[in-house]
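Trainee: Sequence:
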Amino acid sequence: MTTNACIELKDLKLQTQIGTYGPGAIIPKQHLLDLTLWIDEKLVLITKDVMESVFDYDPLVVDINRIAGDGHYETQERLMTRIIQACSQYPEIQSLEINLRKSPVSAGSGSLGVRLSVNQTTLNNLRASKLSS
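Quick note on my numbering: the sequence shown kicks off at 2 and runs consecutively.
Keep in mind that the hints were calculated from the coordinates and are not lab data. Just so it is clear, the structure is predicted and the values come from calculations on it, not from any experiment. Treat the hints with care, since some could be wrong.
[To be verified] Here are the simulated lysine-lysine pairs, DSS-like style, with alpha carbons at most 25 Å apart:
id: 1; residue 1: Lys30; residue 2: Lys14
id: 2; residue 1: Lys14; residue 2: Lys43
id: 3; residue 1: Lys11; residue 2: Lys43
Can you make the complete structure from the sequences, with help from the hints?
Mentor: Written out as structure tokens, the structure reads:
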């Protein structure tokens, strides 16, 4: 049996501006991020209760908030791409799933989002391209 470990971030409300809206358009009131980070199980099944034994996700959350607030985005996809690039800077992250959604969508209800699963090969390619640029 394979052991899988992940860190789940759910419903993080991002302070961001996404999209361009004309008169009468429904402007989303919130953008929520879900992020699942697959990591080595050795960072969860620990023998000592010390931070050095686990993946410290706090710096990543700081990075995500900074990226979300550092300018206007035309698309959710661009913000997601930048968050994935930030995740690639952490070698502990083996793969991830990201979901960014906005609400409301229509008549004060609904949410609309984009979801992407990123495997280890893609993360490694991002890491390699960052090192060579």
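Trainee: Compare the structure with each hint and give your call.
Mentor: Here is what the structure says about each hint:
no.	hint	verdict
1	Lys30 x Lys14	holds (10 Å)
2	Lys14 x Lys43	violated (30 Å)
3	Lys11 x Lys43	holds (23 Å)
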